[in-house]
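Could you slot chains C and Z onto chain X? The hints should help.
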Amino acid sequence: MGCVQSFRELCDRPKNTNVRISLPAVCIVWQTAMIILFGVFIRYNEESDTHWIEQRKAKNISSDVENDFYYRYPSFQDVHVMIFVGFGFLMTFLKRYSFGAVGYNFLIASFGLQWALLMQGWFHSLDYSDGKIKIGIENMINADFCVAGCLIAYGAVLGKVSAVQLLVMTLFGITLFAVEEYIILDLIHARDAGGSMVIHTFGAYYGLSISWMLYRPNLNQSDRLQGSVYHSDVFAMIGTLFLWMFWPSFNSAVTDHGDGQHRAALNTYLALASTVLTTVAISSLFQKHGKLDMVHIQNSTLAGGVAVGTAAEFMLMPYGSLIVGFCCGIISTLGYVYLTPFMEKHLKIQDTCGIHNLHAMPGVIGGIVGAITAATATESVYGVEGLRNTFDFDGDFKDTVPTRQGGLQAAALCVAICFGVGGGILVGCILRLPIWGDPADDNCFDDEPYWELPDEEECV
Amino acid sequence: MGCVQSFRELCDRPKNTNVRISLPAVCIVWQTAMIILFGVFIRYNEESDTHWIEQRKAKNISSDVENDFYYRYPSFQDVHVMIFVGFGFLMTFLKRYSFGAVGYNFLIASFGLQWALLMQGWFHSLDYSDGKIKIGIENMINADFCVAGCLIAYGAVLGKVSAVQLLVMTLFGITLFAVEEYIILDLIHARDAGGSMVIHTFGAYYGLSISWMLYRPNLNQSDRLQGSVYHSDVFAMIGTLFLWMFWPSFNSAVTDHGDGQHRAALNTYLALASTVLTTVAISSLFQKHGKLDMVHIQNSTLAGGVAVGTAAEFMLMPYGSLIVGFCCGIISTLGYVYLTPFMEKHLKIQDTCGIHNLHAMPGVIGGIVGAITAATATESVYGVEGLRNTFDFDGDFKDTVPTRQGGLQAAALCVAICFGVGGGILVGCILRLPIWGDPADDNCFDDEPYWELPDEEECV
Amino acid sequence: MGCVQSFRELCDRPKNTNVRISLPAVCIVWQTAMIILFGVFIRYNEESDTHWIEQRKAKNISSDVENDFYYRYPSFQDVHVMIFVGFGFLMTFLKRYSFGAVGYNFLIASFGLQWALLMQGWFHSLDYSDGKIKIGIENMINADFCVAGCLIAYGAVLGKVSAVQLLVMTLFGITLFAVEEYIILDLIHARDAGGSMVIHTFGAYYGLSISWMLYRPNLNQSDRLQGSVYHSDVFAMIGTLFLWMFWPSFNSAVTDHGDGQHRAALNTYLALASTVLTTVAISSLFQKHGKLDMVHIQNSTLAGGVAVGTAAEFMLMPYGSLIVGFCCGIISTLGYVYLTPFMEKHLKIQDTCGIHNLHAMPGVIGGIVGAITAATATESVYGVEGLRNTFDFDGDFKDTVPTRQGGLQAAALCVAICFGVGGGILVGCILRLPIWGDPADDNCFDDEPYWELPDEEECV
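Chains as they are written, first to last, in full-length UniProt numbering: chain X, 1 to 460; chain C, 1 to 460; chain Z, 1 to 460.
Derived by calculation from the structure, the hints in this document are not laboratory data. Cβ atoms here follow ideal geometry from the backbone N, Cα and C, with glycine treated the same way. There may be inaccurate statements among the hints.
What the hints assert, rightly or not - From chain X, some residues computed to sit far from chain C (all C-beta separations above 10 Å):
1) 58
2) 59
3) 65
4) 122
5) 265
6) 266
7) 339
8) 345
9) 372
10) 411
To be verified - For lysine-lysine, the following DSSO-like pairs were computed, each having C-alpha atoms within a straight-line distance of at most 27 Å:
11) Z:15 to C:288
12) Z:57 to X:57
13) Z:398 to Z:59
14) C:288 to X:398
15) X:57 to Z:59
16) Z:59 to C:57
17) X:15 to Z:288
18) X:59 to C:57
19) Z:57 to X:59
20) Z:57 to C:57
21) C:288 to X:57
22) C:398 to Z:57
23) C:59 to X:57
If we strip away everything but chain X, and leave its shape as in the complex, we get:
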């Protein structure tokens, strides 16, 4: 801790929020790099290339509707809305940080998805015959997923960092994500359709660790801005609802065609419905006069979608989904009531959006639920072929049995946590360097240093 301390002192120089050189430079240089790397590496895949018609005939595919585009595009668009409107507007709740919330979310997602196409492409879609990454609709969805991890992390540091820091955080976040995802899905061969582990657990611990590294002891100087106003809470509900409504698409977007997508959507739909009721119950129970707290409604209602991510494609059963949602609504809301203040006070983790309650805990629960559901899978429930399809017991893994798969799922969860915490500490160190244009403690949660603001509304 001594070395951390001295590093902290080194970094605590006066803040300069002028990013007129650094932000344009990073944007232009990185975007140019993307163009070059895309030029070298990225091509259309079979289904998005004009040769598709020949392939179709060669493979005797009867109809254009068999193009994966038609299986996945509606889900992709829903996921896309979650990334840009969902995450963006969810964070607009602060009274004077709506521009930063929705604008920076827009920026880092747009950069992140390009870098994700490359990173995930190298691991998953590389055509060894010509050394090119072949992309199509599934890559677009996975890139959006990858970005989601970084946007979750943004929630922890919302209002306390500059756009340049966010871009750096995204660059490393996507890189770590792709490695972690490769280990979990390919090497360990765990299943994680909705990304409870790969996306939510990783993203949340990544963000929390960064927030811990960037701890600001005098953040209370910005207290006047760290709250909502009436209208900003309504804006945030737009984000909440689009996340909530489209979460079935999120969890089913890359699952197996047919019953896989169908079941994942259904399970998620049910888990989320259940979460809303327990969130309301706990929120009301822990406030004076039984009043509801918008923070809980905006966030904890989503916890069921996170927690059902891994198991959504399994035979979790409708009541199983309801149970998962039931528990997560309670745990997540209690997290906002007790854990967030505790973490800020005693663990020095300042978690602006409460991602620990919305993503970290439900993500871990999701991993555990997934492990248990996998371990208890039987041929009588799944059918012989169904079991093989659902868990992809094929190729090198054709002899895996459900109990072993349960163990693999648990191992995957540990990998996600380790990557999140480890990566976050590392990147947090980098972000402490006094060159990124982050705001001073009394200047947090304010759009003013980074945005041309319109004149205040006059009151009549």
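Below, chains C and Z alone, put in the same frame as chain X:
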């Protein structure tokens, strides 16, 4: 009326808006009940079960894309947006009830869809071989539809009831809906793709009757809050537009595959476009200086979608859809100008959102249009097979002729009205009991009793 | 110019914003005309008619999923959201013109799509055997596209015209659009999937020419209202994001089934991502202290989607899409910084939303990119069949070679510009007549003359 009067006096005790016990209790107990009932009754259907691959082969289905999921999921997501963002934001127009509008809408829809899966399941999806309800994408859509009925009813009592009352209202509303729907669709064998009768007429009269039972003679004490502000009207337009845009999906979501969905979407698209123009015309004509009224634009523009619900899947013809929209825009807007004040003053029905103009009248018109269109259907227009498919003249109903079908449609409309009025009066009685935590007359249309509100925005 | 000048004087009579007669009259008469014309001309097409099932069997189509509805409906709904929420909310940025922005957008789009179904139907979907226009899902998408051209034009005159003027502008705009589209797509046989030329270039020059004809030398009298407030900028971001997210659907909505839709969506997705980074870079670089300007983020981030419209279905390659986006982000943002003030001062073109930067320049770039991409197409890249399919080298055009196609694309661009400028000047003349109820110079950008406004929010 004497007994009603004395009952009213009994109920008019001082109000206590503290729901700290009742709200959590209802949420937890009911959600637990849902889990138990789902555990006992609800399973995946053939298309969302891992055995689908075996079924597919057994039934010689060529491709996964034949899974009903791909026919209906995009429409489902649109309907889902209508339920949560559409209805939720449409009601945010009040200056200080946006939290309640969007938050309670969220709560009761989340509860309602679970109860609807059960209720509708018992009537429509029960597998008698094992006593289980088998659910899939179509059940999800129908559950959302069922919820829509209750959300419409919420519009009538917006700002005057507590969350607990809304949950009670939803519990009974869903139950009545499922019975009414069973009578109309199965026993009477009427067609009602977009639910003009089943959803809108029923929901609106259910809400209006409740509002009549809960009449508040001194509601003018809350007058200062019963209006909009500039920004809240813009928020409400989000709801309006998402309802308007996705209404073609609503009316086509559960119609026949192929031309049925295609035609229903097209008819609804046209009817809605037509409604906008006549709404603007009447709104401008009845205001000083020809100014437009946001209340009309937010609501009456949707009337065409309601009114075309029943007939959307029939051969209504494009011009027929335009005519329906044309008339409904006029009638609905005139309703806001003349009927709503009349009903409040003389009929003691306080209809906060004007659901009588948006759902009740257009719903009845929709039922009538449906009856006429059905009665005048001919084989020359529909084709032999087309006529049978469209009206489902199969099985027990294979000898039905169009004229008779027209009569059945009219009978169905009467059933919907009776269930709405009767059910509403019954449930209204229950809701008058002084135990539900509803606000006093001078405390209506205010989030303050039920929500932790942020500090007021400061003016600079 | 002398004649223009005297005409201007003739028109500069005192303004009367009372539209109580004219607006209802136009709405009712035109809607009635629509009903009559639809009654005479418009019928369901094969795939939305109840005879579809017979057609299906006759043509040996294996499944209902081959109905074009399932290929296009998800894209249609996305486009529909862009038209009504995207364009509508993008224009809500003005502090006191949000009702007009979203409300008039709603009105003219609803009228426009009906008229577009007729106009485009006569040119493209007329069944010569019975003289009827046969419509289905593709017509609905094209009608929405056609409307987009007029909504773009609305951006130039936002806040300075009355609803009646907008309706007149839409009537002529749709008519011109349909003719221009027929010339470009059918006579010249250019390809323009996303409408860079047909929609954006035409629409923008149409609007700019009208704005030039309606030049208001004393518009600075409304300066106090020609800006945003904090919340109105957040509302506008809703529009921006829905346009941005669904643009892949816009550009792919009417492209070829299979790889065509797949590739168009992918290219658009990439171009838009790239645009965001360069927009942020230039916005930051040209402001003091590197602050970002919301106007740029709201608008220029969309330029890549416009510019990739024509070439999106070609083999533009992923890096090609990124390059197009890269350039357009820079050019569009520089346009806001330098060109818009220049045009207002020296060219007398008052462009409220900066459509020259968002639609005109990127549209022209898109046309040029399309021409180059077409001219350089080779069989080795596209495949023999792929080349023929992509450029539709069939029938009368089966001998066209790519280089010639490049020339045709360039010719098409010129046609779009000519129609836009010429049509705009003509319609601008008509709109200068002092009968349309437009506001005085000191009354622009204000909802007050045309809308019943709620009382101002009180400050506590």
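Comparing the hints with the structure gives:
Non-interface status of residue 58 (chain X) relative to chain C is upheld: no Cβ of that chain comes within 10 Å, the nearest being about 18 Å off. Remark: the non-interface label on residue 59 (chain X) is consistent with the geometry, its nearest Cβ contact in chain C lying 13 Å away (cut-off 10 Å). At roughly 6 Å from the closest C-beta of chain C, the C-beta of residue 65 (chain X) falls inside 10 Å, breaking its exclusion from the interface. Consistency note on residue 122 (chain X): stated as away from chain C, and its beta-carbon is indeed over 10 Å from all of that chain's, at 29 Å minimum.
Not every beta carbon of chain C lies more than 10 Å from that of residue 265 (chain X), the smallest distance being close to 7 Å; the non-interface claim is violated. Its beta-carbon lying about 5 Å from the closest one in chain C, residue 266 (chain X) breaks the requirement of being farther than 10 Å from that chain. Consistency note on residue 339 (chain X): stated as away from chain C, and its beta-carbon is indeed over 10 Å from all of that chain's, at 18 Å minimum. With a least CB separation of 21 Å from chain C, residue 345 (chain X) remains clear of the 10 Å interface cut-off, as annotated.
No Cβ of chain C approaches the Cβ of residue 372 (chain X) within 10 Å, the least distance being about 17 Å, so the stated non-interface status holds. For residue 411 (chain X), the non-interface assignment is confirmed: its Cβ lies about 24 Å from the closest Cβ of chain C, beyond the 10 Å cut-off. Taken as a hint, the residue 15 (chain Z) and residue 288 (chain C) pair is honoured in the structure, with Cα atoms around 17 Å apart against an allowance of 27 Å. Using a Cα cut-off of 27 Å, the hinted pair residue 57 (chain Z) and residue 57 (chain X) holds, with the two alpha carbons roughly 23 Å apart.
Among the hinted pairs, residue 398 (chain Z) with residue 59 (chain Z) is consistent with the structure: their alpha-carbon atoms are about 26 Å apart, no more than 27 Å. For the given pair, residue 288 (chain C) sits about 77 Å from residue 398 (chain X) by alpha-carbon distance, which is inconsistent with the 27 Å threshold. In summary, the hint linking residue 57 (chain X) to residue 59 (chain Z) is supported, as the alpha carbons are separated by about 20 Å, within the 27 Å threshold. For the hint pairing residue 59 (chain Z) with residue 57 (chain C), the CA-to-CA distance comes to about 25 Å; that is within 27 Å, so the pair holds.
Between residue 15 (chain X) and residue 288 (chain Z) the CA atoms are separated by roughly 17 Å; this keeps the pair inside 27 Å, and the hint holds. Between the alpha carbons of residue 59 (chain X) and residue 57 (chain C) the distance comes to roughly 20 Å, so the proposed pair stays at or under 27 Å and holds. With a C-alpha separation of about 25 Å, the suggested pair residue 57 (chain Z) and residue 59 (chain X) falls inside the 27 Å cut-off, and the hint holds. For the hint linking residue 57 (chain Z) to residue 57 (chain C), the alpha-carbon distance of about 23 Å falls within 27 Å, and the restraint holds.
Pair hint residue 288 (chain C) plus residue 57 (chain X) does not hold up; C-alpha atoms about 67 Å apart against a cutoff of 27 Å. With a C-alpha separation of about 22 Å, the suggested pair residue 398 (chain C) and residue 57 (chain Z) falls inside the 27 Å cut-off, and the hint holds. Simply put, residue 59 (chain C) and residue 57 (chain X) have alpha-carbon atoms about 25 Å apart, close enough for the 27 Å limit, and the pair holds.
In this structure, the earlier hints numbered 3, 5, 6, 14 and 21 are contradicted, and the remaining ones agree with it.
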